[in-house]
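A.B. asks: Going down the list, the protein sequences come from chains F and Y. Numbering-wise (the working numbering), the first sequence opens with residue 1 and increments by one. Numbering-wise (the working numbering), the second sequence opens with residue 1 and increments by one.
Treat the hints as calculated values from the structure; they're not laboratory data. Every residue gets a Cβ at the ideal spot worked out from N, C-alpha and C, and that includes glycine. Please note: incorrect hints may appear among the correct ones.
Stated by the list, open to error - If the Cβ cut is set under 7 Å, some of the chain Y residues that face chain F in the computed set are:
id, residue
1, 40
2, 44
3, 106
Unchecked claim - Over 12 Å on every C-beta distance to chain Y, these chain F residues come out as not near it, computed from the model:
id, residue
4, 6
5, 12
6, 45
7, 53
8, 61
9, 65
10, 68
11, 72
12, 78
13, 83
14, 85
15, 87
16, 98
17, 117
What the hints assert, rightly or not - Heads up, incomplete: computed chain F residues facing chain Y, CB under 8 Å, no partners named:
id, residue
18, 34
19, 43
20, 109
21, 111
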Amino acid sequence: GAVVSQHPSWVICKSGTSVKIECRSLDFQATTMFWYRQFPKQSLMLMATSNEGSKATYEQGVEKDKFLINHASLTLSTLTVTSAHPEDSSFYICSANDRTSDTYEQYFGPGTRLTVT
Amino acid sequence: AQSVAQPEDQVNVAEGNPLTVKCTYSVSGNPYLFWYVQYPNRGLQFLLKYITGDNLVKGSYGFEAEFNKSQTSFHLKKPSALVSDSALYFCAVRRGQAGTALIFGKGTTLSVSS
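Chain Y on its own, in the form it takes in the complex (with noise of 0.2 Å):
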């Protein structure tokens, strides 16, 4: 079955600093994978996905993301963090074939200080 793992409940980082949320995945087959982020009590917005192509995702809002397939792995990252980025992050694979249901991972709570 596919799934994904967020190992870190929470991630502290200063504003202006680099920001890693580690996500990994156990797939069969050709992995369809996602981030998401989401505010208190609002629903998730999408931040990028990996289908194919190029390992480096760019992604919404400066964030981007690294898929390697060796380490089965697709860590998401931004060069400066801001404050306003502070909310909980959700990887995600695709279940199956096109038109299924995401698996999510547990969520991480990013804190971003001043």
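The shape of chain F in the complex, shown without the other chains (with noise of 0.2 Å):
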């Protein structure tokens, strides 16, 4: 089956210092990826939507500036925490959509967990 990765798996990062988490889908092609964020015990909350070739979409309440995605090719995506603090320490999550299923399948990547000191 389709699979996506995610790379780190875990990151620790002092306040103030920029992470950049990578999202790739493994063997399908996906002009389509979001971003989620997700806090201990709670819902997914989706933060933006990445297209490749152009601007990421935001959701409401979702600083674009700091929050950054980059989607330069169809198997990777990128997210960059910049200026990191305390608050923005949470499991962020990665899914890609297969531009080939009838259903535009949706597959999850494995996570990130973003530790800001």
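Two chains, two frames, some hints: make the complex.
C.D. replies: Right, here's the structure in full:
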């Protein structure tokens, strides 16, 4: 089946630094990828929709200058958390659509645990 | 706007007993509904989906879900629970047309005791 990977799986950074998280579709092409954020024991909240070759669409309340998204190819999207603060600590999960699937099956990555100290 | 509700924060069941995890939905147009499971510190694993067709959808690991249009429900079921089924379960609805994001319920923690 289709596989989505994320790197790194976990990262600890100091307050004020930036962190980049990669999301890759390993065996399919994804014109659209999504970034979600999950706090402990809570639901996934959609942050943004990442479209290959164009600007990302951010959800209301998500700071686009803080959470930079780049979707440079059909298999890679990156999320950069800029000037991270402790409140940015969270579990970030990406998903990707298989453009060849009639139902646009969505596949999820394993997530990245970000801890900002 | 599309939404799903999971009325139970936690469901407790004994191993071997049937389990049900509830989900209701609110959509405009045809509903595209999904169930996912999440184990601690892991991503989401797909269980099943309803797009169209039979109201009873069979999925992975022995799970099934019943789509009920009149009650706007999509409850997840399994005839005989396993301890290893203990996890966090999410119901989700597709936001719009094919290729759009999923909107998730708050999640239900399933605890299966031996």
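A.B. asks: Hint by hint, which ones does this structure get wrong, listed from lowest number up?
C.D. replies: 1, 4, 6 and 16
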